[in-house]
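In order, the protein sequences belong to chains A and B. Numbering that gives the first Met the number 0 applies: residue 0 is where the first sequence begins, and numbers increase by one. Numbering that gives the first Met the number 0 applies: residue 0 is where the second sequence begins, and numbers increase by one.
Think of the hints as simulated: they come from the structure by calculation, not from any bench. It is possible that part of the hints are untrue.
[Unchecked claim] In silico SDA-like cross-links for lysine to any residue, where the CA-CA straight-line distance does not exceed 20 Å: (1) A:LYS240 - A:PHE258; (2) B:LYS35 - A:ASP162; (3) A:LYS36 - B:ALA76; (4) A:LYS212 - A:SER179; (5) B:LYS35 - A:SER179.
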Amino acid sequence: MAETSVTHAHEMHEHDHSEEAQLWEGGKEPFRASYGKLMMWYFLLSDAFTFAGFLIAYGALRFSMPTWPEPDFVFGSLPFVQAHWPLIFVTFMTFVLIFSSVTMVRAVQEGHRENQKGVVFWMLLTILGGATFLGSQAYEWTTLIVKENMSLSQNPFGRHIADGVYLNENGSEAKKPDGSPLEFHKGESYLMHIHDGHPTGLVFHDASQPGEKMIQHEGTKIKYTTGAYAGQVREAEMGPKAFGALFFFITGFHGFHVFSGVLFLTIIMINAAGGVYAARRNGYEMVEKIGLYWHFVDLVWVFVFLVFYLL
Amino acid sequence: MAGHQTYEEQKALVFYGLKLLGAITIVEVVVALLAKGHLIHGIKFSEGFGHYLYMLLMIGFSLYKAYFIIFFFMHMAYEVRGLAMSVLLPTGLLVWAIIAFFQEGSSWGARRELIKEKNEEIIKPVPASQPQGYWLPGITERNKG
Numbered sequence: 000m001a002e003t004s005v006t007h008a009h010e011m012h013e014h015d016h017s018e019e020a021q022l023w024e025g026g027k028e029p030f031r032a033s034y035g036k037l038m039m040w041y042f043l044l045s046d047a048f049t050f051a052g053f054l055i056a057y058g059a060l061r062f063s064m065p066t067w068p069e070p071d072f073v074f075g076s077l078p079f080v081q082a083h084w085p086l087i088f089v090t091f092m093t094f095v096l097i098f099s100s101v102t103m104v105r106a107v108q109e110g111h112r113e114n115q116k117g118v119v120f121w122m123l124l125t126i127l128g129g130a131t132f133l134g135s136q137a138y139e140w141t142t143l144i145v146k147e148n149m150s151l152s153q154n155p156f157g158r159h160i161a162d163g164v165y166l167n168e169n170g171s172e173a174k175k176p177d178g179s180p181l182e183f184h185k186g187e188s189y190l191m192h193i194h195d196g197h198p199t200g201l202v203f204h205d206a207s208q209p210g211e212k213m214i215q216h217e218g219t220k221i222k223y224t225t226g227a228y229a230g231q232v233r234e235a236e237m238g239p240k241a242f243g244a245l246f247f248f249i250t251g252f253h254g255f256h257v258f259s260g261v262l263f264l265t266i267i268m269i270n271a272a273g274g275v276y277a278a279r280r281n282g283y284e285m286v287e288k289i290g291l292y293w294h295f296v297d298l299v300w301v302f303v304f305l306v307f308y309l310l
Numbered sequence: 000m001a002g003h004q005t006y007e008e009q010k011a012l013v014f015y016g017l018k019l020l021g022a023i024t025i026v027e028v029v030v031a032l033l034a035k036g037h038l039i040h041g042i043k044f045s046e047g048f049g050h051y052l053y054m055l056l057m058i059g060f061s062l063y064k065a066y067f068i069i070f071f072f073m074h075m076a077y078e079v080r081g082l083a084m085s086v087l088l089p090t091g092l093l094v095w096a097i098i099a100f101f102q103e104g105s106s107w108g109a110r111r112e113l114i115k116e117k118n119e120e121i122i123k124p125v126p127a128s129q130p131q132g133y134w135l136p137g138i139t140e141r142n143k144g
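The task is simple: from the sequences and hints, build the whole structure.
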């Protein structure tokens, strides 16, 4: 036994010796990238899997539900404006991130030229972009939580599963001002109005009118005229609970990335301004590494935007 | 590090990227609003075949934006092949995760309906003279329990 292992070890040694020329002897960087940059790439790869896990969970749960809230209806608020403007605010947020990504590339380029003032200037703009994005997200969350009562376990946004008509509190059919019945159709969105934790009414579009006029209706009773519950009077139900938890967790996790990105950008900008990286003479590599992270945050937003707001 | 590009070329790429990403985002939003009937009253193509076309279009645009950000803003295009492959290839696993979990989600959806049906099913009471199950011949009254 001992004899064989000795022979084996000897063979191994010979083998090693013959391939010595191809082995890594240190000194040269694998993949011609520094350790920090390479590890940043692998960290971002793992982070991509975390986000993918969240977004795939969103997809799987959405596929498992008979109805799902319509994004245009959920995300239609704008600051200082009462009207319903679907997707406009989130488009603004997307542009803020694109701009901050572009200013980040400029900072990295100035770093390669060892231009200290350029690095600090473009990083400052990037930080302002990140802060603007966080502020916008705070507005969006506040609207959903305070005004529309969405929470981790409660989602007031729903869609009708069949055609029907809205009823008044006393059970009679609700009428429009012109006297015709206030009808709804399969797939149309509504928002449950909640007061002191109890549903009190519904908010929806008047589908017969062009534009985005919102109607407030007192009472939560509806009567279906088609589908499995045709002829029955029922309480309008809240939307799938999972929507609230998924929205706050996924946009929250992304927002946390933006927040920590802003913190690191600030630290690195202060260091750059203080001449820490100029002394290293390595083309502001630290700026390049935080740049990778910052672009990744923009990259994730591309998919959050796709999954939550576009599809 | 994009070392083979001049400074002017690098700057030009940045502003090209800004225009490209901005234009794709505007197109995405306009198509989304059009598809869901917000731009022209009475016209929408977010159901049936049009819905699949719409989703493919949106996913395509997003993937192109992702490609541009990774390859040009993050400089993956100028890294050595081994680095690019070791980062990009593992994400291929996600294709399988998407197929598997969406299939799983649809299956939950299908079962949700089945469970609801079963919960609402009314089962007729069985009279004591007609017990359920089946007895092999030769089993005595004592063995029935």
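Structure-inconsistent hints, enumerated in ascending order:
1 and 5
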